[in-house]
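Colleague: Throw the hints in and build the complete structure from the sequences for me.
Chains as they are written, first to last, in our numbering: chain F, 52 to 395; chain H, 3 to 321.
Calculated from the structure, these hints are not laboratory results. There may be inaccurate statements among the hints.
Restricting the straight-line Cα-Cα distance to at most 35 Å, the calculated cross-link-like pairs of lysine-lysine (DSBU-like) are [unchecked claim]: (1) 284/H - 77/H; (2) 232/H - 181/F; (3) 262/F - 278/F; (4) 57/F - 85/F; (5) 39/H - 232/H; (6) 168/F - 232/H; (7) 278/F - 85/F; (8) 191/F - 232/H; (9) 262/F - 181/F; (10) 83/H - 71/H; (11) 39/H - 168/F; (12) 311/F - 260/F; (13) 278/F - 191/F; (14) 262/F - 57/F; (15) 181/F - 140/H; (16) 260/F - 181/F; (17) 278/F - 260/F; (18) 262/F - 168/F; (19) 262/F - 232/H; (20) 311/F - 85/F; (21) 140/H - 85/F; (22) 260/F - 57/F; (23) 260/F - 232/H; (24) 311/F - 57/F.
Quick partial rundown of chain F residues pointing at chain H, CB under 10 Å, derived from the structure [as the list claims (entries may be wrong)]: (25) 152; (26) 156; (27) 166; (28) 226.
Since the model is a prediction, treat every value here as computed from it, not as a measurement. Where a beta carbon is used, it is the ideal one built from N, C-alpha and C, also for glycine.
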Amino acid sequence: MAGTGKAHLRNSPDVLLRVEDLTVEFPVGRTGLKVNAVSGISLDVLRGETLGLVGESGCGKSTTGRAIMQLRRPEGGSVVFEGNELTNMSLADMREARTRMQMIFQDPISSLNPRRKVRDIVMEPLTIWKRGSNAERATKVDSLLSEVGIDPDRAAESQPHQFSGGQCQRISIARSLVLDPTLIICDEPVSALDVSVQAQVLNLLEDLKAKHGLTLIFIAHDLAVVKNISDRIAVMYLGKICEVAPSDGLYQQPAHHYTKVLLDSIPVPDPEVAIHKVAIEGEPPSPVLPPAGCRFNPRCPAADDRCRSEEPQLREIGVGHFVACHHPLVGGDAPVSVRSATSA
Amino acid sequence: MTETTEFTDAVTHTPGATIDDQIDARFKRVRRRRVPKFGVLFGATFLIVLLFLTVFADWLPFIRNADTKVRVNGKLMSNYKLGPGWDAWWGTDGNGFDVFARCIYYARYTLWIGISSTAIGLFVGGALGMLAGYFRGKTDRVISVLIDCLLAIPALVLAIMVVRRLDDIKLDFTFLGWMSRLWQIILTLSILAIAPLARIVRAQTMALREREFVLAGRSLGAGNMRILFKEILPNLIPAMVTVAATGLGILIAAEGALAFLGLGLETSWGFMINANRNRLEKAWWATIFPCIMLFLTVLSFNLIGDRLARRFDVREAAV
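Modeller: Following this line, the structure appears as structure tokens:
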């Protein structure tokens with residue numbers, strides 16, 4: 052896995068966001084070492100599409116989201132949003148561009164300032180950008196609040212801690228919609244919520260997406276959550292992309308060994324079902340010193356010498372189904388490239 | 003929109019709240035036993051009564067003027083003639099002044115010095131701490147060195163310098179004429195208050211800037227100043243109030259100490275203690291009552307500070 056490559060990028064006028072070779076590194080103290088949080092990821096999202104970004108904790112999903120927003124400037128690569136390159140934008144232009152893309156965070160309570168009234172929190176973006184008169188702002192905020200199922204009158208006089216986790220997440224969603232963005236990056240928006248509330252929030256996101264013509268990037272560690280909401284799913288492992296596929300294709304025929312493991316880890320709510328799982332051992336390797344070749348090779352059941360030396364590239368194995376693996380579960384082995392022949 | 007959005011989340015309407023209430027009640031009982039409420043109640047009552055007496059001293063019939071000598075049947079009660087009793091509740095001092103009246107009147111200066119130097123310290127220290135904690139990097143390093151320097155200044159040397167030297171400097175620079183002894187004390191104590199306050203605020207700001215609502219603010223396009231004042235500052239206030247309460251106690255004690263050493267105001271509890279201490283065996287009241295006032299005031303601020311610290315979970319040791 053660990054694939055680099057851009058075979059999966061589409062050349063369509065509808066591309067809203069195009070990320071190429073995105074690299075984010077964090078220095079480790081003053082040791083000179085660095086955490087390779089995101090190593091050369093390429094993604095694209097079409098207008099109106101929902102891209103699911105999955106992977107286990109620490110694989111760089113959230114970092115990718117934040118780097119796209121330029122909340123943390125990436126070390127390398129390009130991010131083109133609505134035709135504008137974001138990575139070399141000045142801070143002032145970036146502030147402006149950020150209003151077109153918004154983020155919803157994982158912890159619904161921490162993402163709302165505990166000392167402010169909920170209605171003011173939702174109105175804050177309009178205040179910052181001085182949009183509309185006071186009355187217009189109030190109307191907009193109230194209509195959005197009722198759209199997400201929060202009583203505007205209650206919001207006017209309550210602080211975030213007076214609402215439940217699910218309600219706080221709805222408030223965050225309302226806040227992210229206030230500036231009429233085109234792209235919303237949802238960073239694990241439901242993983243802190245009860246399962247019953249998760250479904251409600253997911254449905255709400257779907258509804259709002261249709262109503263406001265949004266494009267979503269949906270980050271999660273749980274494939275089951277992403278499954279229904281996404282059109283296309285990208286699976287990440289240790290800062291790289293392993294597989295990109297339409298939602299249905301990925302579930303019916305996972306090609307990457309890691310995707311298979313992730314899918315197998317979804318609990319089946321039926322005790323009668325026989326479990327035949329491919330178990331993987333160990334922990335993901337440290338992103339400070341990632342393994343050579345395919346980054347999944349130390350844990351992969353199909354790994355051989357080639358996987359340990361040559362990094363697989365993303366290639367198409369079905370319609371819109373891309374995998375970065377030398378020996379995928381479907382689609383046949385990768386053709387031996389010139390590069391691997393010389394290096395082997 | 004579908005019906006999903008019309009639901010409010012079930013969490014708020016759980017009918018099983020009775021069990022929660024019980025657990026809550028038990029938890030509270032345990033807490034109450036561990037933290038006696040008496041302390042904060044006492045502190046607050048004492049300070050409110052003191053403040054009332056101090057502010058309205060001029061109009062209250064049972065408080066003499068601080069500069070009126072006590073006379074009984076026309077005889078001057080100087081030279082500690084009157085012990086605690088009906089004519090002068092806390093006795094008279096060497097010049098025949100009413101100790102009780104002086105204790106109440108001088109609380110004005112004590113409280114004013116404590117509050118204003120805490121306010122200045124909070125303003126300057128808070129600003130430094132917020133800048134250091136929020137911007138980190140070079141700003142943080144410069145401010146941290148500054149704070150360490152301030153912490154290294156010996157309080158007494160600073161006081162002697164500000165009080166004694168400023169008196170001389172004032173002769174040459176007439177524009178410093180407003181700098182009365184009172185302001186010299188306030189200046190000294192403010193400088194001493196800046197460093198600890200800056201440290202607490204810096205630590206708290208560092209923790210707060212990592213919270214997601216700050217990130218959310220930035221992604222909405224808020225500038226640094228807006229994030230500092232609208233997102234971070236409101237969350238700093240509990241910590242600031244807590245530290246200010248404890249700090250007030252410390253500064254009032256310091257003011258008393260300076261006055262005792264002759265570096266402060268002559269209208270101060272510390273000065274009263276110093277002036278009368280040689281006659282402690284003969285006339286204990288003239289020394290002990292100002293001591294008690296100083297002690298109780300400092301204690302009250304500390305009790306309130308402790309309570310607030312526990313309430314807002316402020317750890318002074320942080321960073």
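Colleague: Would you pick out the hints that fail for this structure and give their numbers low to high?
Modeller: none
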